[in-house]
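Trainee: For reference, the chains in residue letters:
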Amino acid sequence: MGLISKVLFFPITGPVAGIRWSLNKVAQVVDEELTDDSSIKNELMELQMQLELGDIDDDEYVRREADLMARLREVRAWREKLGKGVAGGPVRVGSAREGEPDEQA
Amino acid sequence: MSEAQTTETAHPPLEGGKYVYCIIRSERQKEFGDIGIGRGQRVYTVHHNDLGAVVSDTPIVIYDPTRENVLAHEFVNETVMKEHTVIPMSFGTVFRSEEDVTELLRSTYQAFSEVLEKMKDKIEFGLKVLWDRDKVVTALEHENEEIRRLKDEISRHTSTSTYFARMQLGRLVESSLEETSQRYVGDIHDVLKTVAVASRSNKPIGDRMIMNAAFLVERKQEAAFDDRVKEISRKYEDILTFKYSGPWPPYNFVNIKLKLERAD
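Protein sequences appear in the order of chains D and P.
The numbers in the first sequence follow the numbering used here, run straight up by one, and end at 87.
The numbers in the second sequence follow the numbering used here, run straight up by one, and end at 314.
The following block holds chain D by itself, in its conformation from the complex (with noise of 0.2 angstroms):
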């Protein structure tokens, strides 16, 4: 991750603003790369094709399930701690009062 070092060794010179401004930016960039479970999905659905074609075996299946399940756990941890939603857990219907963030995980 090259824009995390470029965050740590950030030389302090010009307006504060601007490098406030950056930090965001790049806590965006690492926030998304944590809390994107698209790919472990596709993943998972690939991992179900190669059993279904007989591609792999039944043992090979559960293994690498299991090593995405484990990604998805992370991915899930990551969402709550920034308090992004998470799919599944406990829901209600929403209630009128909206854009109120989730802050508390």
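Just so you know, these hints were derived from the structure itself, not from any lab.
Misleading hints may appear alongside valid ones.
Claimed, not checked - The calculated label-pair distances, taken between Cβ atoms and stated as ranges, are:
id, chain 1, residue 1, chain 2, residue 2, range
1, P, His97, D, Met51, 32 to 40 angstroms
2, P, Gly88, D, Lys23, 46 to 54 angstroms
3, D, Ser21, P, Asp277, 16 to 24 angstroms
4, D, Gly36, P, Val187, 40 to 48 angstroms
5, P, Asn194, D, Leu35, 38 to 46 angstroms
6, P, Asn194, D, Asp18, 48 to 56 angstroms
7, D, Leu35, P, Thr116, 14 to 22 angstroms
8, D, Gly36, P, Arg216, 28 to 36 angstroms
What the hints assert, rightly or not - Residues from chain D shown here face chain P by an in silico Cβ test under 7 angstroms; the list is partial:
id, residue
9, Met27
10, Glu28
11, Met31
12, Met51
13, Val73
14, Arg74
15, Val75
The beta carbon of each residue, even a glycine, is placed where N, CA and C say it ideally should be.
Once you've looked at the hints, dock chain P against the given chain D.
Mentor: Quick look at chain P alone, frame taken from chain D:
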């Protein structure tokens, strides 16, 4: 009967959560047996007027989409589908309490009712079509004169001088493949659309798949649809592999965006 089943005082509820599988129309409370997610939980309905949510008790947890869990979710929907038109819920939907489920039915009553009416006596089938790319390329080489000529040219010369011929060949093979796959997919759609109410194309999974479609079919057309699938898969049996599945609840044709939020 259902009154006696309410055992809240005798046994502490499993922290009161409800896993929701699907929504059905039913005047009366229904039981579907001990087939729920987790360890074979009792599956039953929670009602608001004539709408029922098919649920089982669950602790408030997030269910991983493991094969075991997904199959449990699917099995319940398949069972309910035998007697009812269903609106499937996405995998892993857990409500905190029975009241929250009732509130879902109450606040979305109109939308659920309309969709149930639209989906009445309709089922979904999945059709994935895969090909063996190398086989198709070999076939293309036989059919396509230009591809043959370029291959000849490349094999007659030494490496450096054939650079552009190779590039050209690569591009030509790619575009011929694309064209061929579109022709196959178009043909398959044409054969099936006459016996389907609607169809939807999803993104192919992996690099061997050329078609990943869902078809909405009238229950009474099920046999006719089956026949057409068999017919078309016979036609292409040497080149294509057909993965046909269903009947499913109409996952690909129900699009209700529920305004759900997290309940912590």
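Trainee: To test your reading of the hints: which numbers does this structure violate?
Mentor: 2, 3, 4, 5, 6
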